[in-house]
Amino acid sequence: MTEPAWSIVVVEDDREIRRFVRSTLEDEGCKVAEADTGRQGLIEAATRKPDLVVLDLGLPDIDGLDFIRDLRTWSEAPVIVLSARSTEADKVVALDAGADDYLTKPFGVAELLARVRALLRRHGRGADGSAHFAFGDVSVDLSRRSVMRAGEPVRLTALEYRLLAQLIGNAGKVLTHRHLLREVWGPSFVESNHYIRIYVARLRQKLEGDPAQPRHILTETGVGYRFQP
Amino acid sequence: MQDEQQAVGTERYGDRSPYTHYVVAALACLAVAAVATPFAGVLDVANIAMLFLLAVLLVALRAGRGPAVLSALLSVLLFDFLFVPPRFSLAVGDVQYLITLGVMLAVALITAQLTTGVKRQAEVAARREREARLLYALARDLAGAAAEPQVTAIVERFMHEFAGMQATVLLPDANDELRRAGGDSSKLAYLEARLALLAYRKGEAIAVDALETTGQAIAYVPLKAPMRVRGVLALAPSTSSRTAHAQIDAILPAFASLVAIAVERLHYVDVANRAEMETASERLRNSILSALSHDVRTPLTSIIGLADSLTLQKPPLSQTAAETAAAIRDQSTRLAAMVTNLLDMARLAAGGVRPRKEWHLLEEVAGAAVQLLGRSLAGHRIVIDLPRAMPLIEFDAVLIERVLCNLIENAAKYSPPGTTIAVRAKLAAHTVEVGVEDDGAGFPEGRRDDLFAPFVRGRHESSMPGAGLGLAISRSIVAAHGGTIRAENRAEGGARVMFTLPLGSPPEIVPEIESTPVEAPRD
Numbered sequence: 001m002t003e004p005a006w007s008i009v010v011v012e013d014d015r016e017i018r019r020f021v022r023s024t025l026e027d028e029g030c031k032v033a034e035a036d037t038g039r040q041g042l043i044e045a046a047t048r049k050p051d052l053v054v055l056d057l058g059l060p061d062i063d064g065l066d067f068i069r070d071l072r073t074w075s076e077a078p079v080i081v082l083s084a085r086s087t088e089a090d091k092v093v094a095l096d097a098g099a100d101d102y103l104t105k106p107f108g109v110a111e112l113l114a115r116v117r118a119l120l121r122r123h124g125r126g127a128d129g130s131a132h133f134a135f136g137d138v139s140v141d142l143s144r145r146s147v148m149r150a151g152e153p154v155r156l157t158a159l160e161y162r163l164l165a166q167l168i169g170n171a172g173k174v175l176t177h178r179h180l181l182r183e184v185w186g187p188s189f190v191e192s193n194h195y196i197r198i199y200v201a202r203l204r205q206k207l208e209g210d211p212a213q214p215r216h217i218l219t220e221t222g223v224g225y226r227f228q229p
Numbered sequence: 001m002q003d004e005q006q007a008v009g010t011e012r013y014g015d016r017s018p019y020t021h022y023v024v025a026a027l028a029c030l031a032v033a034a035v036a037t038p039f040a041g042v043l044d045v046a047n048i049a050m051l052f053l054l055a056v057l058l059v060a061l062r063a064g065r066g067p068a069v070l071s072a073l074l075s076v077l078l079f080d081f082l083f084v085p086p087r088f089s090l091a092v093g094d095v096q097y098l099i100t101l102g103v104m105l106a107v108a109l110i111t112a113q114l115t116t117g118v119k120r121q122a123e124v125a126a127r128r129e130r131e132a133r134l135l136y137a138l139a140r141d142l143a144g145a146a147a148e149p150q151v152t153a154i155v156e157r158f159m160h161e162f163a164g165m166q167a168t169v170l171l172p173d174a175n176d177e178l179r180r181a182g183g184d185s186s187k188l189a190y191l192e193a194r195l196a197l198l199a200y201r202k203g204e205a206i207a208v209d210a211l212e213t214t215g216q217a218i219a220y221v222p223l224k225a226p227m228r229v230r231g232v233l234a235l236a237p238s239t240s241s242r243t244a245h246a247q248i249d250a251i252l253p254a255f256a257s258l259v260a261i262a263v264e265r266l267h268y269v270d271v272a273n274r275a276e277m278e279t280a281s282e283r284l285r286n287s288i289l290s291a292l293s294h295d296v297r298t299p300l301t302s303i304i305g306l307a308d309s310l311t312l313q314k315p316p317l318s319q320t321a322a323e324t325a326a327a328i329r330d331q332s333t334r335l336a337a338m339v340t341n342l343l344d345m346a347r348l349a350a351g352g353v354r355p356r357k358e359w360h361l362l363e364e365v366a367g368a369a370v371q372l373l374g375r376s377l378a379g380h381r382i383v384i385d386l387p388r389a390m391p392l393i394e395f396d397a398v399l400i401e402r403v404l405c406n407l408i409e410n411a412a413k414y415s416p417p418g419t420t421i422a423v424r425a426k427l428a429a430h431t432v433e434v435g436v437e438d439d440g441a442g443f444p445e446g447r448r449d450d451l452f453a454p455f456v457r458g459r460h461e462s463s464m465p466g467a468g469l470g471l472a473i474s475r476s477i478v479a480a481h482g483g484t485i486r487a488e489n490r491a492e493g494g495a496r497v498m499f500t501l502p503l504g505s506p507p508e509i510v511p512e513i514e515s516t517p518v519e520a521p522r523d
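Protein chains in written order, with my numbering: chain A, 1 to 229; chain B, 1 to 523.
Just so you know, these hints were derived from the structure itself, not from any lab.
All clues stand as given, with none of them false.
According to the in silico footprint, chain A covers these stretches of chain B (three or more CB under 8 Å from chain A):
{"hint": "1", "segment": "284–297"}
{"hint": "2", "segment": "326–333"}
{"hint": "3", "segment": "381–394"}
{"hint": "4", "segment": "397–410"}
Cβ atoms here follow ideal geometry from the backbone N, Cα and C, with glycine treated the same way.
Chain B extracted, bound-state conformation (with noise of 0.2 Å):
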């Protein structure tokens, strides 16, 4: 007995050849009939033909089904010819022991079929626990993966660990160009982009069966999360074995998924810290401004203010002094109004304005711009001449009221006193253009795309206050509209310059149900 389990028990199965199995199943018999033979006339000879079915139950358990069988035969035959009287030869004295050897040969097969079944079964179950539990070693480190390359490090460990495979991933930059996470370190040196970049676009896992080098990839398995594709898993045979293959294909949805949905989360985890980043930086932005904002114009405020009270004196200053108080003010006027747009490039060229849209009419905005400009148009004439059926029109009032007063203020400053300066709109399909016109000289042939530009000005040499912001001003505004900004030279002379304004559809307006007038005097 003792020699049986040991000459079973050292059986690995999978770790010999076939041939050894039979061997040590053949061996296992003789075993049983070397311990048993001085026995015989002692032990019962049911007993003995009980030792041989425990012997060929071992040899199922241990060696597999066709070692098994071959030790039911030979139990059998070794059985019979040793312990069934007539003993040492192969007939049987006693018909009663045909039975005996009948059952004993089907007991010891068909233990030899149900031993190898549940042997099986038990190495699938041991193989999907296996499975299962490297599956869930994987999901919990790609959980703690913060960033892309480690979750490369985790697949290709992963990879290598449970089928001897070279594995790396490849995700999209911001071109949707595929590259590698991991950067040039993983060892998995040959992959052909084509192919990858295949099976990112159309979704599906290509493999290669030709090329099979080590060090080659031969599969690309995009890596499919809820939302979209998000990378393609390339895996290389590090040795060739084929059972390392067969292995994989059962875990590689749920592998590939399971890294997808890592990369996805990534991917959200990034999407979210960048709008928190973008928001502190907005916020410190805006608050920089403001406090710039509000230190530049508190002196300026004094200066303005002190220089123009100076020149309403009473007694009133000599004309030289007042003069000169008339200057100071108007050059920080000017200084203001400069550092005004500086700070509003600044706030525009961060993308940190949010056109707060309404729905408006251009009349009104357009009047409120020329009101606002004042007394700088003194000299010109001003028009708006808007279509009669103008609709409402949605944007934020501030800005194309800003937009319009450097608009105008740019044409008066361009176009000789006395000379008309319109501000006329067109309707098309689904935008508004609205023009400002002047009478002066026009802009330079050749200049016009880059007057819009920061600190570019029409004329170089111009003894024109003003740093050439007005138009690149302009054109944020517009462009954080939807729209477009142009500008032209009138065929009948002088300047103009376009932009235009989505449509939209706008609200409707419910008409007054009470319908009773107010009339002129009732006596």
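Okay, chain A solo, but in the shape it has when bound (with noise of 0.2 Å):
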């Protein structure tokens, strides 16, 4: 990250976890502005124009699924959310609302750069318009649509394909079983988890070494899947 450096607002009640969220961030070299509540979280989000906003769900003042719906009517900006809620419902409603992925406190220094590295990488990367994509030993060509494991070609169907399509472009972020099934199977079939973990399985089969403990295609059990590359 030697380029400009990254903006990032954190929006976080907690003045202790703020300050280490802000040192961690400072030391990759953000510029890092802060926000106890909700309101100033916008303000500043919206006179900074952020690449990237770390948000504790539970503010005082607003609710954070309203701060994030209301982020997104202006901004992409990729958002992160720390939670100290339990129940994974919590987590895909914000994520459903726009978050891009989440971090379950207590969380350590490793865990936070993780998620942050890859969601500016994304979101960096942005439109540059690459259909060549790599991980482990599969490449993907999204213009030709082929996929080549160790240099074979894979035999994909369609809706596999459109599957693995959705991963890859949305690397590093967490999706959702409702979004996943909504964009590769159609909005008919937002109640049929089981089919994302049955074509999910499939992929694995035919592009993890070992689809027992994969290392791409991660699961976020209770929320949905996460592609690593």
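These two chains come separately, so use the hints to put the complex back together.
Printed below as a string of structure tokens:
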């Protein structure tokens, strides 16, 4: 990250958590602005046009979900949600509202950095139009709809390919079941989570070294999937 | 006339013996004769006959059929003797007086007959009306009853007022054994629990005729409500009058069903109240637990994060300081895990966790558990070895992932680094059995069953971290899915913990219609 410093807004009401998140990100060379309330956070986000927002879901003034929905009306900046809530349903709601990833408290520096880097990389690459994508021994050419593994072509069905393209296209981001069903199967399938599981298993069978312990197509139990290049 | 009415008017049917009625009937006729005698020359004979008929009518109204017939005959005789010429003789001077006497007798008898019939009907109607009124009052009282003892009190009062009987209500308790709803305050001292239970189980009334002692229950009537038999009504005579029984027989079915419906209503009120209370207490529990979770996790997050950032500081800390920071981080992380376990245990123990079941592939959840444990398994080789034809299984993935994490983490804790931990599954007819195996020392003999109790650990003086909640949480989760969990030592050495999950019938997967596979490069 040697280019112009990334700008990040941290919205968190606990001073010490804010301090450690800030110092971690500044050590990475990011420019960090802090806000201890949701309203302040929205103002910071509007004036600084950050590359990423770190948002605590339990804010004192406004609901974290309202923050995300508000932000999404005018900003595409990725949002990482910090949640002390332990139920997965809350995370799913935040992700469906427009958040890109989540961290459950407590979390370590390494986890935070990994998530931030993944999202900044994806966001920074933006629409660079690269049609080639490689992970492990697999390479995907999106323009030609071809998938090769260790130099051998891999046969995917249309749905399998659409699912893979969704995952690759959102690398580093957590995709909820609802999102995947809507994008890959269409709106009439939103209650059929088991379809995703079957097709993810098939993709892993074809693309992962050990399908039982995948390294790229990762399960976020109770929430959805994350593709990690 | 005045005398007659007085004589008849003081009559109260049922208050005196039948003998009195006949005397009164006779007196009534004599009174008419006495009153009419002075007017014998003045009044027409036919009009005097009318006076006698009036007396018969009144006697019939007041005293019933027997006395009425007596007064009819007596009237004819007196009329003939005193007023029909030649007077003071039963002989009849003019033949046409025979017609008078005949008609008079006939009219008197018919009047007696008709009047008593009407009177009886009126009495029946009055009794019915009283019963209806009492039953209505009973229904109203029962509708207002808010608890079972109130129902018993109402039943006791009603039976006492209506039939002079003692009554009590027996209701089933949690074990379906009958007990007195009003406690032991009831005056009904003796009842056969066996007979009451029989009436309850069979749903048929049982009557005991032989023992008619006061205070001994003689009838056990099941309280049949629309849904089921709700209890038994026990009745005992407090006076040994037969008439009371006859009366009570007529309304007993209606009475019993009113009481039954009242008891059933109370039952459902109770059910509704309990459900509402459970919801409220569950909501309270959840909000306390999540507040607690938030309040404990927030400082832990700062401690872990700040300590973690110390270890990564540039320029780096001295070695001891860095080690201290790492220790703070690791210990706080353990503390956080423990807090999570305790809060989860609290939630599970309170029964407030309902699995959000969906159809899953076990392989995926096992893989996710291994991925979640990540670094703490670095020293072990993990094998996930499942049957090839594993069907979809319905469970809550988050909870089952938790179980697998606990079991794998335990296995890693109690077996030396470098050994293998295996997750295997076996399909049976209706269940799948999932086992986590290690190559460690196994469980100490004789302690395998209480391993699943909270705060129990395999080795007491162990230096291993953990509060011993992992297996207890796992057992609660598995139980919430309708499965069982057990531990054993493997024949080849090492420990194995197995849990079962029901198989169910997985949903169909519609095969893909568009079968154009994505091909290799087309050039």
